[in-house]
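Participant: Same order as they appear, the protein sequences are chains D and R. The opening residue of the first sequence carries number 144 in the working numbering; numbering runs sequentially from there. The opening residue of the second sequence carries number 149 in the working numbering; numbering runs sequentially from there.
The set of hints was computed from the structure by calculation and includes no laboratory data. All figures in this text were calculated on a predicted structure; none of them were measured in a lab. Don't take every hint at face value.
Stated by the list, open to error - Which stretches of chain R does chain D cover? Using the computed rule of at least three CB atoms under 8 Å from a CB of chain D, they are: (1) 153-160; (2) 211-223; (3) 297-304; (4) 323-333; (5) 463-471.
C-beta: ideal position from N, C-alpha, C; glycine also.
Here's the letter readout for the chains.
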Amino acid sequence: MKKRIVITGLGTLNSIANNVPDFASALREGVCGIGAIDLFDTAAFRSQTGGQIKNFIARDYIPRNFSIKRMSRADMLSFAATLEALSDAKLYPMPNKLKEEVGVVIGGGAGGLLEAENFYGDLLKKNGKNAKFSKLSALFCASSADRIASSFGLAGPKSTFMTACSGGATALGYARDMILDGHASIMLAGGVEPMCRITYAAFNALKSVDPETCRPFDKNRAGLSLGEAAAIMVLEELDAALSRGAKIYGEVLGYGITCDSYHMTAPDEQASGAVRSMQAALKDSGLSIQDIDYINAHGTATPVNDAMETKAIKKVFGKRAYSIPVSSTKSMHAHTLGAAGALEGIVSVLALQHGFIPPTINYQESDPQCDLDYVTSGSRKANLRTVLSNSFAFGGNNTTVIFGKYSERGAVNG
Amino acid sequence: MDRNQRIDNARRVVVTGIGMVTPLGIGKEEFGRRLFSGETAIAEIKSFDTSSFPSHLGAEVTNFNPRDFISVKNMRRMDNISLMTAASARMALEDAGIQITPENRDRVGIILGTAFGATDVTAQFAGTLLTQGPASVNPILVPNIVMNAPAGHTSIELGFRGVNTTVTHFAVSAETAIAYAAAEIRRGTADFILAGGVDILSKFYYESLTKFHALSPQNGGTEACRPFDKNRNGMIAGEGCGIIFLENMESAMARGRKPYCEIKGTGMGSSPTTPTGWPENTNGVKRTFSRALKKADCAINDIQAIFAAANGGRILDAMEAEAYAEIFTGLEKPLITALKGATGESFSGGGIMACALALSMEKNILPPVVRLTNPFRPLAFVAGEKKEIEINNAVLAGISFGGTYAYLIFGK
């Protein structure tokens, strides 16, 4: 029998909450984290808003016995989320005998670009005289996993995925495989994305940002809102979790990865990649379309994505698409790119655990192209068995992950 | 063939194609000829001015004509790193004898490693943004900034739509990508996966390596890459792409293809370091090596060759050699080769190394460690010139600063 991989710890910081319990409340209440940004000057940009993490002071989250020297904002955020997840899973402090078997995989994004921008500005301005190259030591997004593994003394597999907006979801799938294949018994898996000028400039240059606040699935949607987040899960094998008496949040039932092979920044309007991604995840999970109770959409609020994703859901689920609630929590926490798949994984798991469907907020006017149940009037109570979460990325990279509520006999057999 | 044998073959992952754009050559013929004859591609850098740096050498890709491999329509949108990737992928597909068709395209994928991505394009975009402001940036550059761009462009150029992802974990990016691809083939997620790594030389990247004191010359020595040599004094930066084509044994047999080799098992690990530093001991290498052997169900004395990670760096080479000396204490020593004296260090060079390893196993020849004249440890290095030897099992070593390891065991 196939091993079952369960989630036993969660940690997050994002624009609507700086820990998991607050995140669950904020999702239920439909809080919007999108507003003014003060990490850098936005005056010259097309838009001025985003989902910035509020009141983040690293030492409030990272105890003094861990060095934060040369950590980027991304490193610190992911470290803080990891510490929350480990504590939640009762794995902190970590027993020495476990360290050999614990690995970490991160969906990366801008990494240390925010800090590198300051450096590069100096380098270009003053002929390089005052530019400190040491600021580059955390430039690349693999730095976060390195800092986590080194700080906790982990000896298991370590990796970083960078597929723009689907890396966080892929990290969760990869972590499951690492445990299934016997490379690790526990994986810390998730994603981190810091806000920075380069990302902000890139999305503004493509005119994919809504100058106001994003409105997923709304007729007048005009683009996404950029956000930042760290989101980390603890994954382990069910029997191991049970034998150490861990609290079980839910189960990773399966995932699928596909590619559009269509265009670098525009999704395939025929939705083939998205359709195949959901179908691959269903197949991997051994589920039928009847088994999915809620879809946490990619739902960026760009005109093309939301219409395409709606079409894809209808192609996969047929008539049943109309009776499955679909919401985009990006309306609350914004699009967190490399972290998005992991953050929305946590949304999915909280929805399963607390029995509610988080809403799509900011929704005003219906669009004939987007005619599913988008949960637009507040969160909804629901006893969910499964959640399907989509992440679609630039480059045509699609990842879908399916989560199940933990039940001894399996999410849909309970 | 009985049923159990068929199931077994469906779970065996084999390499049936290779493709590369490297400083040593474009494509397996030129690459193999220069590799086995002990040539090096290291020379004065021509693509940018190095006069302000202490180092001037690099291993650059030359004579690469993307038009030979890539459609004019897609070429316009692709940057250097994506061109190298798509060209290598096309060569690997052709070498494997596979055409992408509407019937197979959803079962073909790519898992690519890149340590640093398109540092040239990113530096250009950031330069405009930081000196002229957001209104002046060029949106055309945006798709190429993200590290998954090379794999994305390649899928568009070649038309395959299956699993597609990009690993970026410094010097083990390619090894990790190949290990993941092998697991996906074994799981049956895809029928065919292109796996490997790509990185490019850019001025910004070269300058950064210089400032981190990673490059030769160091400590008053002369500038050269000498893996495992007493007089090594740093690495020489390189670039390039190497991609291998993976499928399961049953599929290769059904298509009548003779594999170069099999990926028998993989091991992954970490050990604590300072940021971007090297681990203090050999535990990480030893642990990961033994995990890979166990996964491959391979006995330690069945290993004939190791393709080492060594790049001429003082700490890396010493740690790696020490680890093998400890692992093989009292045992027959496998032959050890290291390619980075020939190809330069491109960080995701594990893709190029995997191609070289595949050629070695096909031809039963090990390439030499270029410029190794004075080994600092008495291990069985392939120094001076190539060595002809029957190779049943070979190890590909991935070791990165920051304390990450990926070991791959290849078999006949």
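Participant: Each hint needs a verdict: does it hold in this structure or not?
Facilitator: Hints, one by one, checked against the model:
Only residues whose beta carbon comes within less than 8 Å of a beta carbon in chain D count, and the stretch 153-160 of chain R has 0; fewer than three means the coverage is violated. With 0 residues having a Cβ less than 8 Å from any Cβ of chain D, the stretch 211-223 of chain R misses the three-residue criterion, and the hint is violated. Counting residues of the stretch 297-304 of chain R whose beta-carbon sits less than 8 Å from any beta-carbon of chain D gives 6, enough to reach three: the coverage restraint holds. Coverage of the stretch 323-333 of chain R by chain D holds [criterion: at least 3 residues with CB-CB distance below 8 Å; count 3].
Given as covered by chain D, the stretch 463-471 of chain R fails the check, having 0 residues with a CB less than 8 Å from a CB of that chain where 3 are the minimum.
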